[in-house]
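Participant: One-letter residues, chain by chain:
Protein chains: 2
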Amino acid sequence: MLYLVGLGLSSEEDITVRGLKAVKKSCRVYLEHYTSILMAASQEELEKFYEKPVILADREMVETGCDEILRDADKQDVAFLVVGDPFGATTHTDLVLRAKQQGISVEVIHNASIMNAVGACGLQLYTFGQTVSMVFFTENWRPDSWYEKILENRKIGLHTLVLLDIKVKEQNYENMARGRLIYEPPRYMSISQCCEQLLEVDESKGTKAYTADTPCVAISRLGCPTQRMKSGTIKELSGYDAGEPLHSLVILGRQCHELELEYLLEFCDDRRKFKQDVLRDQEYFKPAPWVPPAEEEDE
Amino acid sequence: MLYLVGLGLSSEEDITVRGLKAVKKSCRVYLEHYTSILMAASQEELEKFYEKPVILADREMVETGCDEILRDADKQDVAFLVVGDPFGATTHTDLVLRAKQQGISVEVIHNASIMNAVGACGLQLYTFGQTVSMVFFTENWRPDSWYEKILENRKIGLHTLVLLDIKVKEQNYENMARGRLIYEPPRYMSISQCCEQLLEVDESKGTKAYTADTPCVAISRLGCPTQRMKSGTIKELSGYDAGEPLHSLVILGRQCHELELEYLLEFCDDRRKFKQDVLRDQEYFKPAPWVPPAEEEDE
Numbered sequence: 020m021l022y023l024v025g026l027g028l029s030s031e032e033d034i035t036v037r038g039l040k041a042v043k044k045s046c047r048v049y050l051e052h053y054t055s056i057l058m059a060a061s062q063e064e065l066e067k068f069y070e071k072p073v074i075l076a077d078r079e080m081v082e083t084g085c086d087e088i089l090r091d092a093d094k095q096d097v098a099f100l101v102v103g104d105p106f107g108a109t110t111h112t113d114l115v116l117r118a119k120q121q122g123i124s125v126e127v128i129h130n131a132s133i134m135n136a137v138g139a140c141g142l143q144l145y146t147f148g149q150t151v152s153m154v155f156f157t158e159n160w161r162p163d164s165w166y167e168k169i170l171e172n173r174k175i176g177l178h179t180l181v182l183l184d185i186k187v188k189e190q191n192y193e194n195m196a197r198g199r200l201i202y203e204p205p206r207y208m209s210i211s212q213c214c215e216q217l218l219e220v221d222e223s224k225g226t227k228a229y230t231a232d233t234p235c236v237a238i239s240r241l242g243c244p245t246q247r248m249k250s251g252t253i254k255e256l257s258g259y260d261a262g263e264p265l266h267s268l269v270i271l272g273r274q275c276h277e278l279e280l281e282y283l284l285e286f287c288d289d290r291r292k293f294k295q296d297v298l299r300d301q302e303y304f305k306p307a308p309w310v311p312p313a314e315e316e317d318e
Numbered sequence: 020m021l022y023l024v025g026l027g028l029s030s031e032e033d034i035t036v037r038g039l040k041a042v043k044k045s046c047r048v049y050l051e052h053y054t055s056i057l058m059a060a061s062q063e064e065l066e067k068f069y070e071k072p073v074i075l076a077d078r079e080m081v082e083t084g085c086d087e088i089l090r091d092a093d094k095q096d097v098a099f100l101v102v103g104d105p106f107g108a109t110t111h112t113d114l115v116l117r118a119k120q121q122g123i124s125v126e127v128i129h130n131a132s133i134m135n136a137v138g139a140c141g142l143q144l145y146t147f148g149q150t151v152s153m154v155f156f157t158e159n160w161r162p163d164s165w166y167e168k169i170l171e172n173r174k175i176g177l178h179t180l181v182l183l184d185i186k187v188k189e190q191n192y193e194n195m196a197r198g199r200l201i202y203e204p205p206r207y208m209s210i211s212q213c214c215e216q217l218l219e220v221d222e223s224k225g226t227k228a229y230t231a232d233t234p235c236v237a238i239s240r241l242g243c244p245t246q247r248m249k250s251g252t253i254k255e256l257s258g259y260d261a262g263e264p265l266h267s268l269v270i271l272g273r274q275c276h277e278l279e280l281e282y283l284l285e286f287c288d289d290r291r292k293f294k295q296d297v298l299r300d301q302e303y304f305k306p307a308p309w310v311p312p313a314e315e316e317d318e
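Just so you know, the protein sequences line up as chains D and S, in that order.
Heads up: the first sequence is residues 20 to 318, going by this note's numbering.
Heads up: the second sequence is residues 20 to 318, going by this note's numbering.
These are computed hints drawn from the structure, not numbers from a lab.
Even glycine gets a Cβ: it sits at the ideal position worked out from N, Cα and C.
Among the hints, a few may not be true.
Claimed, not checked - Distance condition first, Cα-Cα at most 30 Å in a straight line; then the derived DSS-like pairs of lysine-lysine:
1) D/K67 - S/K43
2) S/K292 - S/K174
3) D/K305 - S/K305
4) S/K40 - D/K40
What the hints assert, rightly or not - Some chain D residues judged to face chain S by a derived CB distance under 10 Å, without partners named:
5) I34
6) L39
7) G103
8) T112
9) V115
10) L116
11) N130
12) V137
13) L144
14) T150
15) V187
16) W309
Unchecked claim - Derived coverage of chain S by chain D (criterion: at least 3 residues anywhere in the stretch with Cβ under 8 Å from a Cβ of chain D; other residues may be distant):
17) 24-30
18) 36-44
19) 112-118
20) 257-269
21) 273-286
Use the sequences and the hints to build the structure in full.
Facilitator: Rendered as structure tokens:
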């Protein structure tokens, strides 16, 4: 059996009881180690908690070396651990397909991920649109396909969850060119950097998907004891120090009801100002008021 | 401390290790019992697993009787259990706000919910739009505000998760009128009924948010050992027997890539037909092809 086990968000104890049982009975345990990190537990802490070794699986291993992961999984139990839920990233459906092709049974053990736990900010999950990813801009590579998606969401009043870039096990150009397996230290995008990139792209476009005054919620270390939320405009959050990673951002859409707003006000510096910012932003993309159809004249 | 603990989707063992610890040390344990059900565990099974009584909390208790739940939670630990994740429904942010107003600390322990575990169908979570709810139609009440939302999602190529109605502890009109606390047996909407209601409303509108041939994925008992997926058109699924509850439905948007389609084909009756249905449906709402801007004449 191949177990795909979600680890949840933060500590080694965020695994489910069922997930822990699967890990305990597996003869090999892999930890997917390139799309996210477990914020409050290291590889060593996991090994101590599981009482067995944990093999780090980087992108190459998962995308090219599935065979090693799946080896003998038709006869033995193998666990593949994923931070959050196993179905956050596409490559894991690939792993499931390959397993099935080899006649290996697969059991998925779900867990919380940023995609649903973001509801902790108080905005209803029902009113989120498509999720976007923000990558580190470099001198020559400043992808902004997310801009159109934020615009699409906001046109119909929906919030946008922005997932911030994580660089784990990246080589610099020189080491890559020389084939040296030397990696840069991991990098995690901060909320302030994300907001700066949002502002930069907004300036270069004319479509006003959002403005510097558009309200957002900054979420840092979701699910950790040190979790913090901050409500503010993009401009305000571009100067906000959210502390240790991981960070995420929610850009508000028009559909923010009274109780939700009340909840967000708990996280802002100036309640009166933030409320005004939200009310003003709700005027953007507001549908035209309903006009009753002209009645036919009686005579 | 008030612990809000997500129970995940199916069995008593889907609670996280951290969540179980919180339950173990709480002096009162409430189970929210009206927005969803734990599919493979009864109240008795939970009590046996936790080794303590579990108090069922219905809508009245949560919405009017927060005081009872919060009683002494500043001095003792109280656990409030929610199927899925605690932030699926708004009323729980209300509970958090009330607790904070009374100076009670709150700790949230997240878990999987349909909102992220739906990724198990193989469609990327990034390309889901807003979620809609489908309620049981009655003779006089056939709400269809979800129709416009599906249209909005599909116009920009996004999938729609449809959550199906659950009726727990409902009174019929006679018992309500006479003030008799007699409740109807619980009812759970089936995928086939949902599809029939989709077809009925589609016929009455002219906007073609979807058609009878729009491809969907039917998901039943997500996260249970008996979990089943079925890909098919709305018309086909209106005659599909998905078995025991709970059921959910995903209506596809245009953004379904090759690997995702390959995954969905595992769940259909006729691979060739379903593939054609998907390709044909992708023509709806397709953006106009990009036309390069006219170059200025050199001379």
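Participant: Each hint needs a verdict: does it hold in this structure or not?
Facilitator: Here's how the hints hold up against the structure:
no. : hint            : verdict
1   : D/K67 - S/K43   : holds (23 Å)
2   : S/K292 - S/K174 : holds (24 Å)
3   : D/K305 - S/K305 : holds (24 Å)
4   : S/K40 - D/K40   : holds (16 Å)
5   : I34             : holds (6 Å)
6   : L39             : holds (6 Å)
7   : G103            : holds (8 Å)
8   : T112            : holds (5 Å)
9   : V115            : holds (8 Å)
10  : L116            : holds (7 Å)
11  : N130            : holds (5 Å)
12  : V137            : holds (8 Å)
13  : L144            : holds (5 Å)
14  : T150            : holds (5 Å)
15  : V187            : violated (20 Å)
16  : W309            : violated (13 Å)
17  : 24-30           : holds (count 4)
18  : 36-44           : holds (count 4)
19  : 112-118         : holds (count 4)
20  : 257-269         : violated (count 0)
21  : 273-286         : holds (count 5)
Figure legend: structure checked against the earlier numbered hints; hints not met, in rising order: 15, 16 and 20.
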